[in-house]
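Chemist: Going line by line, the protein sequences match chains W and X. Here the first sequence is numbered in our numbering, starting from 1 and rising by one per residue. Here the second sequence is numbered in our numbering, starting from 1 and rising by one per residue.
These are computed hints drawn from the structure, not numbers from a lab. Where a beta carbon is used, it is the ideal one built from N, C-alpha and C, also for glycine. There may be inaccurate statements among the hints.
[Said to hold, decoys possible] Here are the simulated DSS-like pairs of lysine-lysine, each with C-alpha atoms no more than 27 Å apart in a straight line:
| no. | chain 1 | residue 1 | chain 2 | residue 2 |
| --- | --- | --- | --- | --- |
| 1 | X | LYS108 | X | LYS340 |
| 2 | X | LYS108 | X | LYS192 |
| 3 | X | LYS239 | W | LYS8 |
| 4 | X | LYS192 | X | LYS340 |
| 5 | X | LYS265 | X | LYS239 |
| 6 | X | LYS340 | X | LYS95 |
| 7 | W | LYS32 | X | LYS192 |
| 8 | X | LYS340 | W | LYS254 |
| 9 | W | LYS4 | X | LYS95 |
| 10 | X | LYS342 | W | LYS254 |
| 11 | W | LYS23 | X | LYS343 |
| 12 | W | LYS254 | W | LYS23 |
| 13 | W | LYS206 | W | LYS298 |
| 14 | X | LYS95 | X | LYS192 |
| 15 | X | LYS95 | X | LYS322 |
| 16 | X | LYS261 | X | LYS239 |
| 17 | W | LYS32 | W | LYS298 |
| 18 | X | LYS342 | X | LYS292 |
[Unchecked claim] Non-contacting residues of chain W with respect to chain X, defined by C-beta distances greater than 12 Å in every case (computed):
| no. | residue |
| --- | --- |
| 19 | VAL36 |
| 20 | THR56 |
| 21 | ASN67 |
| 22 | ARG69 |
| 23 | GLY78 |
| 24 | ASP108 |
| 25 | SER170 |
| 26 | GLY171 |
| 27 | GLU229 |
| 28 | THR295 |
| 29 | GLU301 |
[As the list claims (entries may be wrong)] Computed, partial: chain X to chain W, Cβ under 7 Å:
| no. | residue |
| --- | --- |
| 30 | GLU10 |
| 31 | ARG11 |
| 32 | ALA299 |
| 33 | PHE317 |
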Amino acid sequence: MSLKSLTKPWQPMSYGFLDASAKRELRRKMLKSVAVPGCQMPYASREVPMARGWGTGGLQVSLTLLNPRLRVKVIDQGADDSVNAASIRRFLALVSGAPVTLDTLGADLIQSRHRIPEEIMREDQILVLQVPNPEPLRSVQPNMSIARQMHADADYGRMWLQLYEQIVRSGRVMQGAGYPSLVNGRHVMTPSPIPRWDVPKLNMAKHLSILSAGREKRIFAVPPFTRVEPLVFDDVPYRVEDHGGLTCSRSTAKGFFMNEIPQVDGSSTYEVSDSSYGVKTIQNREGDDVEFGETWYKDGEMTQ
Amino acid sequence: MAYVATRGGERAIEQSERLFRSDMGQINQARVAELRHALPYLVDRVMGEASLYDEDLAALALAQTGGELYEAVLLLRAWRTTQPRLSVAGPIQQKDLFTHRRISAAFKDIPGGQVLGPTLDYSHRILATDVLTGTPFMPNNVVPSVCAAPAHQPSVSAWQAENDLLDLPPIEPVQGNDIPDLTREPLLFPSKRAHTLQSLARAETGGVLALGYAAMRGYGQAHPTVNELRLAEAEVMVKHPRGTSFSAGRVKVSQAEVVSKKGEKLELGFAATLGWNEVKCIAAATLDLNTKGAAKGTATEEEFFLYHTEGVESSGFCIHFKLPHYVTFQSSLDAMRDAKAKKAAKGTEPAQ
């Protein structure tokens with residue numbers, strides 16, 4: 001027996017970039033986070049060929065899950081063609097040989113920054129959300145170790161107080177994206193900075209969502225069919241963005257989350273934020289044969 | 001397909017990278033060798049912050065990024081991710097370091113002597129502008145000392161411990177693969193001693209200096225005295241599968257011991273890093289010295305300074321704000337406009 005017979009031939013990098021020990025750690029932490037929904041699991045978080053804060057947490061999860069048959073879709077702020085989404089998609093395909101798609105229905109794994117697609121995701125799909133700040137308590141407690149203790153004690157009083165103060169000061173809850181939500185009745189998590197529009201999509205969803213913060217080294221998950229409830233008071237109902245009545249000026253899609261485009265005359269037009277859905281609507285209008293999935297929102301209202 | 005035609009993402013990023021590199025021209029072996037030769041302290045700084053010791057790779061990273069330091073460090077760290085951990089080298093004792101420079105501000109003379117070694121400390125900071133008009137700057141030859149300093153010296157803290165002035169930290173019994181490794185485990189608080197020292201070793205020099213300086217100016221409890229500052233080379237001793245020990249080469253290291261003189265005994269702060277980087281070691285050792293009893297949320301609290309001196313994370317997060325944020329922005333605008341409308345409606349209501 002020689003050393004050579006025991007080792008693999010040298011390669012500049014492992015399949016899927018991360019080495020086996022990093023993937024093993026991530027798999028273990030993913031399982032843990034599925035076992036305790038919404039609870040943040042610390043992980044080592046290796047450096048990857050992208051800057052921290054640019055989706056390195058989501059990237060590590062995707063790299064661990066990828067195989068040559070898994071079809072990947074990458075979204076940034078709803079768009080597949082955003083520069084960073086294009087960059088991540090190119091990298092994932094390069095190091096894994098995985099096929100890519102822009103269509104929500106055709107994807108096995110969707111890595112997304114700050115949006116959940118408008119078409120309902122299925123049991124066989126995985127959503128990987130990039131997370132800048134995994135700690136919903138950060139605004140009331142910047143110290144990570146104290147916040148960790150607060151989660152352990154389910155001590156969310158300050159969180160409620162913050163929401164209450166917003167109502168007193170501004171007449172409504174002022175939280176924009178990343179609305180704090182109670183997962184499985186136990187852990188408060190940030191759903192990542194998705195708009196309030198998207199949070200109800202996580203509640204009792206058929207798909208698995210994995211949320212990963214590379215810079216902050218925390219991973220958490222919403223397993224399929226798990227309760228995700230935004231923190232609200234009994235007498236102040238949860239409110240999504242007032243986009244239900246808006247129409248996309250390019251695709252004429254109506255009743256979805258929109259990007260506001262300021263106009264020179266002081267007015268605004270709107271474009272559907274889920275770019276893949278917008279493209280399909282245009283293609284359909286032009287007579288192409290396009291398959292649409294069921295959408296979470298119908299006529300601007302959340303179904304369920 | 002009008003919508004698709006506007007998809008410029010892939011092409012745009014390709015061209016922007018080309019634009020960044022267009023003025024730097026060809027990167028070849030000669031450029032890398034020249035950078036390595038001409039900028040050893042920069043190479044050292046990058047290797048230290050990347051926690052990867054390879055002068056050629058560090059010089060290549062500098063060449064490839066045009067000297068964008070944060071990018072160079074990230075490039076090396078990302079490369080490091082792809083490498084297996086083959087072996088753990090033996091512990092390095094201060095007395096075994098091949099020492100180039102070692103000074104103490106605590107005593108006029110110390111066992112082993114003050115060894116000034118290479119430094120710019122006493123140079124007059126005058127630009128050699130003649131170089132620009134065609135007169136090369138040639139450094140003068142070094143005249144060897146008649147009585148050479150010993151290559152190996154004990155640490156000053158060892159002498160202080162012998163004289164019961166200071167308690168040395170307890171010796172950690174863990175060895176080899178059992179030593180906590182920050183690159184394989186998350187940093188949690190209260191942090192393991194190994195994680196603290198590893199974090200400081202790979203911390204970003206400017207960040208450590210900023211917070212260390214804050215501690216020195218008075219935001220810390222302890223005023224440091226440089227007990228010992230050392231620039232040296234360390235043998236990397238590894239075990240051959242046959243069982244024999246051998247040196248895989250030498251790496252440049254720097255280390256600082258600082259002490260405070262408040263109680264009945266001296267308190268010790270320590271930091272070490274790969275490469276020669278004096279400012280970082282003194283600042284990091286000062287932070288280490290100040291951690292004891294530091295209040296939560298202050299600059300000298302371990303959690304505060306270890307998180308915020310991580311250069312790859314801090315620089316990455318800072319530049320991520322360039323990414324589009326229009327979804328989150330839209331979400332906030334919605335709440336803001338509604339609150340404003342509510343206020344306006346309230347204002348028009350008749351007084352009750």
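Chemist: Confirm or reject each hint.
Modeler: To see whether the hints hold, each was checked on the structure:
1. X:LYS108 <-> X:LYS340: violated (70 Å)
2. X:LYS108 <-> X:LYS192: violated (35 Å)
3. X:LYS239 <-> W:LYS8: Holds, at about 21 Å.
4. X:LYS192 <-> X:LYS340: Violated, because 50 Å separates the two Cα atoms, which is more than 27 Å.
5. X:LYS265 <-> X:LYS239: Status violated; Cα separation ~39 Å.
6. X:LYS340 <-> X:LYS95: violated (69 Å)
7. W:LYS32 <-> X:LYS192: holds (23 Å)
8. X:LYS340 <-> W:LYS254: holds (26 Å)
9. W:LYS4 <-> X:LYS95: violated (38 Å)
10. X:LYS342 <-> W:LYS254: Roughly 26 Å separates the two Cα atoms, so the pair holds.
11. W:LYS23 <-> X:LYS343: Measuring from Cα to Cα gives roughly 52 Å; hence the hint is violated.
12. W:LYS254 <-> W:LYS23: violated (42 Å)
13. W:LYS206 <-> W:LYS298: holds (18 Å)
14. X:LYS95 <-> X:LYS192: holds (25 Å)
15. X:LYS95 <-> X:LYS322: violated (49 Å)
16. X:LYS261 <-> X:LYS239: violated (41 Å)
17. W:LYS32 <-> W:LYS298: violated (35 Å)
18. X:LYS342 <-> X:LYS292: The hint is violated at about 51 Å.
19. VAL36: Consistent with the label, W:VAL36 stays out of reach of chain X, its closest Cβ about 16 Å off (over 12 Å).
20. THR56: Given that some Cβ of chain X is not farther than 12 Å from that of W:THR56, nearest at about 8 Å, it is violated.
21. ASN67: Correct as stated: the minimum Cβ-Cβ distance to chain X is 19 Å, above 12 Å.
22. ARG69: Non-interface label stands for W:ARG69: nearest chain X Cβ at 23 Å, farther than 12 Å.
23. GLY78: Label violated. Min Cβ-Cβ 6 Å, cutoff 12 Å.
24. ASP108: Non-interface label stands for W:ASP108: nearest chain X Cβ at 22 Å, farther than 12 Å.
25. SER170: violated (4 Å)
26. GLY171: W:GLY171 is in fact no farther than 12 Å from some Cβ atom of chain X, at 4 Å.
27. GLU229: holds (19 Å)
28. THR295: The claim stands: W:THR295 keeps its Cβ more than 12 Å from every Cβ of chain X (closest is about 18 Å).
29. GLU301: For W:GLU301, whose nearest Cβ neighbour in chain X is about 16 Å away, the distance exceeds 12 Å, so it holds.
30. GLU10: Holds, because the Cβ-Cβ distance from X:GLU10 to chain W comes to roughly 5 Å (cut-off 7 Å).
31. ARG11: violated (9 Å)
32. ALA299: violated (13 Å)
33. PHE317: OK, holds: X:PHE317 within 7 Å of chain W, min 4 Å.
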